[in-house]
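Chemist: This is what each chain is made of:
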Amino acid sequence: MRALYFASVRERVGITEEEIDPPKSVANVAQLIDWLASRGEGYAEAFANRTAIRAAIDKNHARRDAPIASAREIAFFPPMTGG
Amino acid sequence: MRALYFASVRERVGITEEEIDPPKSVANVAQLIDWLASRGEGYAEAFANRTAIRAAIDKNHARRDAPIASAREIAFFPPMTGG
Amino acid sequence: MIAPNVRVTNEPFDAYREEALLIEGCRDIGAVVTFTGLCRDEAGTLVALELEHFPGMAEQEIAAVAGEALARWPLLGLTVIHRYGLIGPGEKIVLVVAAARHRGEAFQASEFLMDFLKTRAPFWKKEHRSDGAAGGWVEAKASDDAAASRWGKDTS
Amino acid sequence: MIAPNVRVTNEPFDAYREEALLIEGCRDIGAVVTFTGLCRDEAGTLVALELEHFPGMAEQEIAAVAGEALARWPLLGLTVIHRYGLIGPGEKIVLVVAAARHRGEAFQASEFLMDFLKTRAPFWKKEHRSDGAAGGWVEAKASDDAAASRWGKDTS
Chain A
1 MRALYFASVR ERVGITEEEI DPPKSVANVA QLIDWLASRG EGYAEAFANR
51 TAIRAAIDKN HARRDAPIAS AREIAFFPPM TGG
Chain B
1 MRALYFASVR ERVGITEEEI DPPKSVANVA QLIDWLASRG EGYAEAFANR
51 TAIRAAIDKN HARRDAPIAS AREIAFFPPM TGG
Chain C
1 MIAPNVRVTN EPFDAYREEA LLIEGCRDIG AVVTFTGLCR DEAGTLVALE
51 LEHFPGMAEQ EIAAVAGEAL ARWPLLGLTV IHRYGLIGPG EKIVLVVAAA
101 RHRGEAFQAS EFLMDFLKTR APFWKKEHRS DGAAGGWVEA KASDDAAASR
151 WGKDTS
Chain D
1 MIAPNVRVTN EPFDAYREEA LLIEGCRDIG AVVTFTGLCR DEAGTLVALE
51 LEHFPGMAEQ EIAAVAGEAL ARWPLLGLTV IHRYGLIGPG EKIVLVVAAA
101 RHRGEAFQAS EFLMDFLKTR APFWKKEHRS DGAAGGWVEA KASDDAAASR
151 WGKDTS
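Protein chains in written order, with our numbering: chain A, 1 to 83; chain B, 1 to 83; chain C, 1 to 156; chain D, 1 to 156.
Just chain A, with the same shape it has in the complex (with noise of 0.2 Å):
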């Protein structure tokens, strides 16, 4: 699947988006955020502060126990500071 960082998370893990396969034991997307933030030093950082964090499917807002499945995408960034 593709995932894809923004702002802050794009920053700290370093590069915009990235093709990633998880292991089957990854099934949300708490998990796949544990197992990014395990992947390196940007990454750990990236992804320090858990609460911090928020991920859309596919585009649409997901929360941490949403399966990750069927993803074709997924997003990582702060909370949103438009408007």
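These are computed hints drawn from the structure, not numbers from a lab.
Mixed in with the good hints, there may be bad ones.
List time: in silico DSS-like cross-link candidates among lysine-lysine, alpha-carbon distance up to 27 Å [said to hold, decoys possible]:
#1 B:59 - C:141
#2 C:126 - B:59
#3 B:59 - B:24
#4 A:59 - D:141
Please build the complex by placing chains B, C and D on the supplied structure of chain A, with the hints as guidance.
Modeler: Only chains B, C and D this time, still in chain A's reference frame:
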């Protein structure tokens, strides 16, 4: 004192303004309305529905019990419908 | 505290210019709420509204409500314009522009202005009907009194 | 129900033209509320805001909130425009224009739009400081969540 009439009150009284000289016993707005209503058919009609009459003394909204002794100008009109 | 810009006029006004004038030169404004009240045609039955007003008192009452808004919210700009005379469907009757650092203040101030302007400013609307029948004076609405009363103590 | 006009763009927008387009040809509109969000200079410390967004999702989320507003209030017109990219102090970032028969509907719909746009639409602001120091990402405010929650059930 000067009496001013606006909107439906003006149309019923038939004039926009006039000099009035109520007797000394007419001390407040409510009493002045009663006195005006007794002055003829148009006045009676204009002031028939007392609750639909607003008054202003010298361009300030005035309650029914406001004294009129020092008023130079007193205006009568229906509830406002601007905006 | 800033001074409000209050105008009562029988001329059409340029809402865009008023808003631009208000914003101009103030780089601290984060939110502008503009309310425009227009003449409806009431499904084609209305050819015009005739707005009567009490000269002098109209300006004074709007200025009083504007002053109250400025005392309640930290506004950076406030313009209120009200027309009188004959106004056709689609034409603008009233304009309120409130500028502030944050949106809540601008929204609340402009709603407050409209609620009290409706119940306090001496303007009266008469309908001119397209079928030629005698138009009547527009009735005051209880909902307007209710809208004003939700702001707490009467400002009069 | 009308269709909302939603746009996400890196170009400046013409608020006046948007409002004129919305009103044009509808003689039943009695109230228009226009909200404009501008870039503040933060007492001279800010040289620009950089607005990042999530293309596709940004439009979709704004359209969803607009649809919710149209379901709640009998609006006659609704336009929402949000810019992205580099925006200087005094420039407009966001525009909401809500038109209705009566003012209450127009006020509520535009406030609702802004409250949910703030918490749902994927935009992020980064500050560029005039002293050359590294600008930071603007922090989300708890007050924005509170503003959204007062409308009852979450629209997500």
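Chemist: Give a verdict on every hint.
Modeler: Verification of the hints:
Restraint check for residue 59 of chain B and residue 141 of chain C: satisfied, since their Cα atoms lie roughly 23 Å apart, inside the 27 Å limit. Restraint check for residue 126 of chain C and residue 59 of chain B: satisfied, since their Cα atoms lie roughly 22 Å apart, inside the 27 Å limit. Annotation: proposed proximity of residue 59 of chain B to residue 24 of chain B holds, straight-line Cα distance about 22 Å (limit 27 Å). For the hint linking residue 59 of chain A to residue 141 of chain D, the alpha-carbon distance of about 23 Å falls within 27 Å, and the restraint holds.
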